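> Each chain, letter by letter, is given below.
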Amino acid sequence: MGTRYFGEPVRRREDPRLLTGRGTYVDDVRPPLLLHAAVLRSPHARARISRLDASRAAAAPGVALVLTHADLPPALREPLPRLIPHPALVHHKTQYALAPGQVRHVGEPVAFVVAESRYQAEDALDLIDVAYEPLPAVTDLEDAVRPGAPLVHDDMGTNVCAEYTQRVGDPDAAFAAAPHVFRERLRMDRGAASPIETRGVVALWDAQTRELVVYDSTQAPIRIRNYLAALLGLPQNHVRVIAPDVGGGFGPKIMMCYPEELLVPHAAMRLGRPVKWIEDRRENFVSMNQEREQIHDAEIAVDADGRILAVRTRFLYDSGAYIPYGIIVPIVASTQLVGPYRIPNYECTFKAVFTNKVIVSPYRGAGRPHGCFVMERLMDRVARELGLDRAEVRRRNLIQPHEFPYDTGLIFQDNAPLIYDSGNYPALFARALELIDYEGWPAAQAAARREGRALGLGLALYVEGTGIGPYEGCRVTVEPSGKVYAATSVGTQGQGHFTSFAQIVADALGVDVADVTVTTGDSGAFGWGTGTFASRAAVVAGNAVALAARAVRDKALLVAARLLEARPEDIELAGGRAFVRGAPARSVALGEVAVAANPLRGTIPAEWEGPGLEASRYFAPPRGTFAAGCHAAVVEVDRETGALRVLRYVVVHDCGPIINPLILTGQIEGGVAQGIGNAFYEQIVYDPDGQVLTQTFMDYLLPTASEVPPVEIAHIETPSPLNPLGVKGAGEAGVIPVPATIASAIDDALGTRITQMPLSHQRLLELARRAPVGAAAGGAA
Amino acid sequence: MKPAPFRYVAPRTRAEALDALRRYGSDAKLLAGGQSLVPLLAMRLARPGIVIDLNRIGDLAYVRPARGGVAIGAMTRQRAAEDDPLIASRYPLMVAALRWVGHPQIRTRGTIGGSLAHADPAAELPAVAAVLGARFVLANARRERIVDAADFFTGYLTTALGPDEMLTEIRLPPPPERTGWAFTEVARRHGDFALVGAAVLLVGDGEGRCAEARLAFAGVGYGPVRVPEAERALAGERVTEALAAEVRRIVSRSVEPEGDIHATADYRRHVAGVLAARALIEAASRLEVRT
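In the order they appear, the protein sequences are chains U and W. Take the first sequence: its letter number 578 is residue 578 in this note's numbering, and every next letter is one higher. Take the second sequence: its letter number 116 is residue 116 in this note's numbering, and every next letter is one higher.
Heads up, a few of these hints could be off.
Simulated crosslink set (EDC-like; lysine to aspartate or glutamate; CA at most 20 Å straight-line) [claimed, not checked]:
1) W:Lys29 - W:Asp120
2) U:Lys351 - U:Glu142
3) W:Lys2 - U:Asp126
4) W:Lys2 - U:Asp280
5) U:Lys351 - U:Asp280
6) W:Lys2 - W:Glu16
7) W:Lys29 - W:Asp53
8) W:Lys2 - U:Asp27
9) U:Lys93 - U:Asp28
10) W:Lys2 - U:Asp28
11) U:Lys351 - U:Glu116
12) U:Lys93 - U:Asp154
13) U:Lys93 - U:Glu163
14) U:Lys483 - U:Glu403
15) W:Lys2 - U:Glu142
If you're looking for bench data, these hints aren't it; they were derived computationally from the structure. Bear in mind the structure is a predicted one, so any value in this text is a computation, not a measurement.
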């Protein structure tokens with residue numbers, strides 16, 4: 001065999017192109033005769049539209065088309081698709097392409113203008129005459145479930161659209177009999193994914209061939225293709241959706257469909273000219289899905305040694321004004337809450353609640369940060385109440401390596417049993433404690449305290465369900481040039497698939513990784529798939545890539561064996577050639593094998609299964625595979641100003657065998673940065689009337705390089721038995737335990753009891769001023 | 001996020017710019033570094049009829065010695081001022097404060113005059129101008145006038161500039177001998193506008209006492225906020241921990257900030273006192289004693 005690329009820190013092959021400005025994002029698609037769209041959005045959180053007159057706008061300079069709900073064809077006047085139904089989701093309300101007489105959140109699309117320039121389109125928005133009758137809105141999650149609250153959807157009689165319970169063992173009995181029970185009310189507020197590239201769509205319609213090409217900054221081009229075909233009345237093979245370079249997705253771009261994803265193609269078909277819409281940053285804050293708001297009433301029952309007897313949480317989940325994506329986020333929160341711990345009795349109940357706010361759908365972490373925050377806050381609480389060491393309490397409750405596969409008894413977001421397939425939680429925990437120097441911490445903290453500095457150490461563990469089905473696919477082709485092409489069904493938003501998938505192919509075919517070109521996110525290149533979400537691309541698509549590449553390899557061996565007059569089992573592939581083992585002089589270039597596999601005369605043997613060196617394969621995992629990790633941090637709090645500095649941040653991570661450690665490091669560092677945002681900076685603020693007070697990056701605060709510390713990363717590798725590569729997902733690992741870790745560290749620094757995220761200077765100062773000076777929470781007690 | 005239609009002129013000289021201002025007056029907006037105006041235009045929060053772009057005028061960007069002090073052209077980039085040896089030697093406080101203004105990319109575009117004329121209540125430069133005793137040269141097509149820092153900032157985002165006037169130069173008087181200085185601030189993130197910022201300039205008497213003290217705060221009022229009671233308490237005194245604590249109390253009691261989504265008024269009041277004390281201690285540590 002030649003070089004093995006799997007596991008090597010191969011530099012990202014896409015980076016030179018992206019870093020020198022040669023990427024193609026949706027806004028870089030500039031066909032001739034392009035028109036530009038702008039969206040009129042509701043300024044009210046809840047209102048009836050009593051008059052809507054667009055005639056002045058339609059007559060404005062440069063305007064080609066103005067659309068309101070009444071102007072749309074019947075299929076686009078209906079509520080948009082219900083994506084993931086669930087029996088518990090009894091009111092599966094979905095958004096409209098354009099509001100039909102009533103608006104339910106600030107930012108909801110009311111009218112759509114297409115003009116010769118974006119300037120003219122925006123000028124025309126000013127000329128649309130809308131009379132709103134404002135109605136009382138509900139924005140606070142707890143208010144929304146109180147009797148008499150304004151109803152987001154009048155016909156429901158309630159704002160609760162789903163209520164769902166999962167139960168393991170006998171939690172009631174366990175709580176009743178437990179020697180210690182501790183309760184916490186824990187809250188996480190709303191944030192935004194804030195990809196550097198906002199949403200954007202360009203549609204080109206060929207009226208002659210009746211073919212539609214759509215460039216869309218989406219995580220799910222194939223599924224968007226399917227919905228577009230259905231809603232626009234076109235055959236699927238006449239619609240091609242391309243997600244070109246995508247400047248970050250983080251979850252919200254898995255939605256299907258945002259209104260603009262339908263309105264732009266519809267307008268292009270109506271006008272016979274290409275149309276572009278690029279979401280601007282202010283729109284992004286009121287029209288791209290958000291996440292994170294949950295309020296948990298949680299309790300834990302433990303014995304005198306801190307061993308967990310039962311955990312229970314009841315929580316409210318804010319879904320915003322509609323719930324197209326279903327109850328995935330609260331299911332993930334409910335089920336991932338249990339983390340790496342043995343919890344014999346568990347109960348989780350949530351209510352999914354409508355509010356007059358932007359729609360919620362998964363954002364990196366997707367309920368896991370909440371679950372982790374709840375569980376780890378409870379563990380710190382147990383340690384404090386029982387006077388035990390924080391690490392020891394955790395250690396006593398960890399699932400042990402011999403217990404895998406470990407069935408939690410829960411049903412995960414893929415409707416499959418939530419069974420931890422493999423892992424070594426004690427090992428990763430021990431490694432994290434070693435890296436953060438947990439043993440030396442009490443002395444270090446005391447020394448800092450003598451200098452008047454408030455330092456704290458935080459810990460949090462998590463388990464991340466990754467790599468769920470249903471399936472992904474890949475087609476691998478060796479061309480006569482010897483170059484290899486792999487087309488996959490997932491999209492790429494920065495995950496490095498052009499490199500990591502190429503590594504997998506190169507290993508299978510014995511070629512240089514530079515000779516493998518990977519295509520992602522183009523329904524015209526590969527037409528079956530689901531999308532990039534839930535930390536699943538490396539697992540599900542990555543294994544499909546491996547299977548397809550191995551199938552091509554098997555075929556190359558058959559064809560080369562014939563060319564070299566040897567047995568297939570004696571053929572090896574390396575250096576871009578096929579040769580006879582032990583006789584490297586007897587060889588043929590892989591490209592020549594490809595030519596031989598596609599002859600001009602004669603026939604092709606049945607065992608070749610078709611012409612050429614090409615194969616398509618699918619991978620459909622039975623259920624998810626479970627990664628895990630531990631974060632540990634040292635923070636410093638300025639007691640007088642509430643300023644927080646993260647001095648050290650350690651991540652020990654297990655996602656099975658690592659395909660490319662450079663890419664994995666990037667995933668983790670980016671996730672930690674987002675987690676730090678969730679912990680201290682990022683919050684979407686609504687006023688009681690439903691106005692969004694954070695609509696710029698001056699008010700919605702993303703952490704910058706100044707706020708994010710270097711991340712010290714270590715790995716352990718426990719392979720998954722559920723897929724050929726043994727890999728697990730890593731996309732969300734960085735973000736999940738950060739709020740829990742930071743809370744734990746601040747408590748340790750100040751002797752506080754953090755119950756809410758995100759914090760801020762002000763909240764931290766309030767906590768610090770209430771905390772007794774000199775108190776420490778845990779440490780090595 | 002595209003600006004509403006506006007006309008655009010790019011004068012080549014100061015005189016042309018002032019002439020344009022004379023003609024368009026309050027319908028015009030001056031474009032300096034664009035770090036505040038351009039976003040306001042893009043969000044259609046500012047809808048001027050005409051934008052007068054000052055970036056092509058050659059003789060508005062300079063730092064030169066003037067009667068023992070310096071004169072800074074209004075279009076001098078913040079980054080240029082930060083790197084200027086004359087400013088560094090005479091007004092290290094200004095250099096220290098400039099490092100809190102945005103990030104290097106922003107300071108490379110942003111101008112000294114633009115920041116002062118925009119008069120954001122949480123901006124750093126107005127506080128610096130206040131303690132350094134800066135004077136502002138305001139010109140229109142017919143005349144120039146000179147306004148003290150104390151009279152320049154008149155309200156929320158408003159200054160003494162008339163609709164036909166342009167800030168052309170900032171004059172800093174000669175620095176007193178033996179000064180101690182400090183600038184500190186708390187912002188949500190490094191580079192953000194201050195939640196609270198504090199600029200302190202102490203004039204030493206050579207014996208380790210303050211002959212004079214000047215304190216100005218950002219983020220706690222409409223402009224740079226001086227606290228005369230604290231300055232009086234310091235005059236003639238040696239800065240001790242106890243005196244710093246007293247100043248802290250005076251400042252927290254005196255300022256009248258407003259709250260917003262980033263911090264309440266209470267937070268700002270508290271932190272103004274904290275920063276006052278910290279800046280005071282730091283500034284006092286720089287006071288030279290005659291040997």
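> Would you mind marking each hint as holding or not holding in the structure?
Hint check results:
Taking the CA atoms of W:Lys29 and W:Asp120, the gap is about 16 Å. The hint holds against a cut of 20 Å. Between U:Lys351 and U:Glu142 the CA atoms are separated by roughly 11 Å; this keeps the pair inside 20 Å, and the hint holds. A C-alpha spacing of about 12 Å is found between W:Lys2 and U:Asp126, which places the hinted pair at or below 20 Å, so the restraint holds. Under the criterion of a C-alpha separation no larger than 20 Å, the hint pairing W:Lys2 with U:Asp280 is consistent with the structure, at around 9 Å.
Between U:Lys351 and U:Asp280 the CA atoms are separated by roughly 33 Å; this puts the pair beyond 20 Å, and the hint is violated. Distance hint between W:Lys2 and W:Glu16 is unfulfilled; the C-alpha atoms sit about 28 Å from each other, more than 20 Å. In summary, the hint linking W:Lys29 to W:Asp53 is supported, as the alpha carbons are separated by about 8 Å, within the 20 Å threshold. Of the pairs offered as hints, the one joining W:Lys2 and U:Asp27 holds, with about 15 Å between alpha carbons and a cut-off of 20 Å not exceeded.
For the hint linking U:Lys93 to U:Asp28, the alpha-carbon distance of about 35 Å lies beyond 20 Å, and the restraint is violated. Straight-line distance between C-alpha atoms of W:Lys2 and U:Asp28 comes to about 18 Å, which keeps the hinted pair within the 20 Å bound. In summary, the hint linking U:Lys351 to U:Glu116 is not supported, as the alpha carbons are separated by about 46 Å, beyond the 20 Å threshold. A hinted pair counts as satisfied when its Cα atoms are at most 20 Å apart, and U:Lys93 with U:Asp154 qualifies at roughly 12 Å.
The suggested pairing of U:Lys93 with U:Glu163 holds, with an alpha-carbon distance near 15 Å, which does not exceed 20 Å. A threshold of 20 Å between alpha carbons decides the hint, and for U:Lys483 with U:Glu403 the separation of about 46 Å lies outside it, so the pair is violated. For the proposed pair W:Lys2 and U:Glu142, the alpha carbon gap of about 38 Å is over 20 Å, so the pair is violated.
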